[in-house]
Amino acid sequence: MDIEQFLELTRTRRSVRGFDTTRDVPDEYLAQMIEAARWAPSGGNGQPWHFIIVRDEADRAWNADLFEKQQEHKKEMERAVRGQVRMTGAGFRRAPVHVLVVGDPRVNESYPVRTMLEKSTRHFYSGLANATLQLMLAATCLGLAVQYVSDAGSPYMGTLLKVHYGIPNPLEVYELVPVGWTSVAPQPTPRRAPESMTHWDKFEPAKLLNDQQMHDFLWHDTRLGAYGKSQSAATAEMGMMQQ
Numbered sequence: 001m002d003i004e005q006f007l008e009l010t011r012t013r014r015s016v017r018g019f020d021t022t023r024d025v026p027d028e029y030l031a032q033m034i035e036a037a038r039w040a041p042s043g044g045n046g047q048p049w050h051f052i053i054v055r056d057e058a059d060r061a062w063n064a065d066l067f068e069k070q071q072e073h074k075k076e077m078e079r080a081v082r083g084q085v086r087m088t089g090a091g092f093r094r095a096p097v098h099v100l101v102v103g104d105p106r107v108n109e110s111y112p113v114r115t116m117l118e119k120s121t122r123h124f125y126s127g128l129a130n131a132t133l134q135l136m137l138a139a140t141c142l143g144l145a146v147q148y149v150s151d152a153g154s155p156y157m158g159t160l161l162k163v164h165y166g167i168p169n170p171l172e173v174y175e176l177v178p179v180g181w182t183s184v185a186p187q188p189t190p191r192r193a194p195e196s197m198t199h200w201d202k203f204e205p206a207k208l209l210n211d212q213q214m215h216d217f218l219w220h221d222t223r224l225g226a227y228g229k230s231q232s233a234a235t236a237e238m239g240m241m242q243q
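What the sequence shown shows, in UniProt numbering, is residues 1 to 243, in sequence order.
There could be a bad hint or two in this list.
Cut-off 30 Å, straight-line C-alpha distance, at most; resulting in silico cross-link-like pairs (DSSO-like, lysine-lysine) [said to hold, decoys possible]: (1) K162 x K69; (2) K75 x K162; (3) K162 x K119; (4) K119 x K202; (5) K74 x K162; (6) K207 x K119.
These aren't lab readings, by the way, just hints derived from the structure by calculation.
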């Protein structure tokens, strides 16, 4: 793979919420995704990851129901603080495979003592993030669609997922990655220009957004994805995904 092919791969990856229920994911594709993930960098080469492949339809429905249940409190907070709800539901319900990314924090012992005391949590989660990204890039390379369901690692959802799947302490649920084939054409998302984030030799203050620019960026660029739609638009999209 040359650099242009790699860059195109990174541009193609999307968090997809509409999945084709008529197509399954071959086991060999899942094995290739895990193979890519296991080569991810991690602090002290601790390799904290485990992957639970969930194919059972009832379990996948349970995951989606749990996600929607915990969203109710988030919606309540959105209404109270922002006066509107800009969130979509569990589009990943239709994905034929869910991959639970689980981390074992005992690998923190692989770090030097000072690192373990000062930065072990940061290294632990960055390793899991690296593995998750490589898993998703491998899926994209195979033509698959994936989503990044970060709420799976919340105290509420993560605790119930641990009980449901028999995950022992002290392991933690980090992420849920639905995998399948897209039923909707994913649209490109806005990205900041390279020159706006690249600094040479030292930080360039002129490239730092002021408060108004940051507000505009957050509410007009980053929120053009799932959280950026009006509730009516989000509801319409979810209806299209469920047809």
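Consistency of the hints with the structure:
1. Between the alpha carbons of K162 and K69 the distance comes to roughly 16 Å, so the proposed pair stays at or under 30 Å and holds.
2. In summary, the hint linking K75 to K162 is supported, as the alpha carbons are separated by about 24 Å, within the 30 Å threshold.
3. A C-alpha spacing of about 25 Å is found between K162 and K119, which places the hinted pair at or below 30 Å, so the restraint holds.
4. Restraint check for K119 and K202: the C-alpha separation of about 25 Å stays at or below 30 Å, so the hint holds.
5. Between the alpha carbons of K74 and K162 the distance comes to roughly 21 Å, so the proposed pair stays at or under 30 Å and holds.
6. Annotation: proposed proximity of K207 to K119 holds, straight-line Cα distance about 29 Å (limit 30 Å).
In this structure, every one of the numbered hints holds.
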